[in-house]
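Chain order of the listed sequences is A and B.
Residue numbers for the first sequence, in the working numbering: 499 to 898.
Residue numbers for the second sequence, in the working numbering: 641 to 778.
The set of hints was computed from the structure by calculation and includes no laboratory data.
Hints may contain errors.
Straight-line distance between alpha carbons at most 20 Å, and here's what the computed DMTMM-like set of lysine to aspartate or glutamate pairs gives [claimed, not checked]:
#, chain 1, residue 1, chain 2, residue 2
1, B, K705, A, D756
2, A, K505, A, D735
3, B, K666, B, D765
4, A, K655, A, E808
5, B, K705, A, E650
6, B, K776, B, D758
As a plain string of letters, each chain reads:
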Amino acid sequence: MDQIRHKVAIVGAAETDDLGQLPHMSRLALHAQAAKNALDDAGISLGDVDGLLCAGAIPNEVAEYLGIQPRYIDGTSVGGCSFMIHVRHAVAAIMAGYCDVALVTHGESGRSGVDAPRGGSASSPGGQYEAPFAIGGAPTTFSIPVLRHFHEYGTTKEHLAHIAAATRAWANLNPMAMMGSHRRAPERGGGPITPQDVLNSRMICYPFNLLDCCVVADGGGALVLVSEERAKDYAKDPVYVLGAGEAAAHWMVSQMRDHTTADGYRIAGEAAYKSAGLGPQDIDHCMFYDAFTFTPLMAAEDLGFVPKGEGGPFFAETKTGPDGEVIYKSGPGGDFPMNTNGGGLSYCHTGMYGMFAIIESVRQLRGECGDRQVPDVNVSMAHGPGGMFASAGTLILANA
Amino acid sequence: MADYAGRLPVATPESKPYWDGLKEHKLMLPTCDDCGPHFYPRPFCPMPDCFNWDIKWTQASGKGKVHTFVISHQPIPPYNSEDNAPPYVIAVIELEEGPRMMSNLIIDDPYQTTVDMDVEIVFDDVTDEVTLPKFKPV
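Construct the entire structure; sequences and hints are all you get.
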């Protein structure tokens with residue numbers, strides 16, 4: 499399993515020029531702009547790309563749109579973690595010689611809906627066995643496991659609210675974050691929030707209030723990967739893939755084997771640790787996909803950072819800073835720096851957020867994060883689900 | 641009933657006995673002689689070590705428990721009219737026979753729902769063609 503360790507590096511990573519409300523850009527234009535920015539970040543030309551991996555689009559659509567004819571393609575499109583899985587597949591493809599320069603793209607008009615395909619067949623399992631019960635997107639389905647976790651382990655809404663407050667504190671340090679103080683005025687809901695603000699916000703789908711839910715945005719992101727041998731030829735310091743894992747556990751949330759454990763997280767996480775030869779104690783920084791406050795809590799438990807059932811009290815632990823300010827466990831200054839871009843909760847969430855989690859891991863490892871830079875980040879984990887804990891992808895990345 | 645606003649399932653050849661059963665107010669489950677019933681309907685036993693394609697349809701009791709649930713405050717059809725307004729309960733029901741299925745819980749105050757609450761099936765004839773399996777507290 500350890501043969502993939504340190505063989506391939508991410509040499510380019512970037513978002514689209516802007517994130518948020520971009521009604522002037524279509525799904526494919528978002529893919530293309532993200533690709534340009536990531537290639538510029540690496541100092542590689544589009545003409546050098548011979549491997550293309552994307553989600554939310556057929557690889558041929560993106561290849562044709564960009565005007566390239568890649569000799570390796572992967573259209574794994576299993577939700578938000580597709581890009582973690584793409585990185586894993588790109589590592590294998592580059593090692594096998596299937597391609598030399600792999601481009602991973604994401605573009606989604608999640609808010610404006612410009613060429614955003616929606617809805618499934620009424621004859622699919624989801625169409626027959628879930629849709630008739632008035633499910634309405636992720637807030638009504640990603641929430642399904644939560645009350646079982648509360649019931650089994652005593653987790654509370656107050657626990658979850660601390661994750662939202664901590665993540666917002668990171669957003670306030672990121673000029674790109676949609677809900678951060680730089681971009682959104684307090685009267686429009688931007689800037690610092692407290693756990694009590696989360697509990698006081700409008701109920702969306704119990705147990706999730708508005709501030710337990712991610713933002714809804716347009717945007718894109720892209721990555722460029724090459725072999726370790728070539729990694730130092732480019733503009734930025736390479737970020738090496740040490741370990742990676744993936745899994746498909748179920749599809750419909752009603753069919754999740756155990757609603758208190760994401761089997762996919764465990765399978766993907768174990769593979770990532772094994773290939774990296776590392777464990778949770780070796781990870782300096784975590785990007786845990788946060789479509790909702792509960793999502794990263796499940797990751798912290800199922801990836802071994804905290805025993806099963808103890809995620810609630812873990813994240814709700816606070817300390818007081820030198821100026822009397824509250825320091826959250828996963829927030830700036832806390833012991834467990836997580837979702838340091840401001841997360842899906844407060845930075846950006848297009849629908850398939852995983853790409854942005856990887857980009858932030860890369861930037862933290864490069865030391866590019868300015869006010870929100872976590873000291874001494876040498877190993878970062880980017881992990882996410884696809885669908886409602888249905889699939890999973892885990893990456894362990896390092897700067898040396 | 642003709643103007644039912646919610647999303648309607650369309651059966652496949654494999655699931656037709658399930659939907660036909662509901663229309664007759666019977667909850668029919670595909671059942672393997674060795675492993676018992678499963679949900680959702682497939683023409684084989686979805687236990688990886690079994691994968692038996694000899695499936696019989698058996699009638700479930702219609703009794704079960706709320707395994708987990710949410711209370712949606714979203715006006716999603718059919719819960720989008722004055723007499724059928726949110727909040728409403730979306731629940732995963734664990735049937736007495738073991739399998740779990742998504743449904744709605746018919747309950748006056750959604751916030752009285754609890755995990756592991758005993759429930760029984762209610763056959764909701766939403767159109768002339770389609771009956772949805774819903775549940776109510778016992």
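Verification of the supplied hints:
1. B:K705 x A:D756: With Cα atoms ~15 Å apart, B:K705 and A:D756 stay inside 20 Å; holds.
2. A:K505 x A:D735: Within the cut-off at roughly 15 Å; holds.
3. B:K666 x B:D765: Status holds; Cα separation ~12 Å.
4. A:K655 x A:E808: Holds. A:K655 to A:E808 sits at ~14 Å (cutoff 20 Å).
5. B:K705 x A:E650: Measuring from Cα to Cα gives roughly 15 Å; hence the hint holds.
6. B:K776 x B:D758: holds (9 Å)
Hint compliance for this structure: every hint is met.
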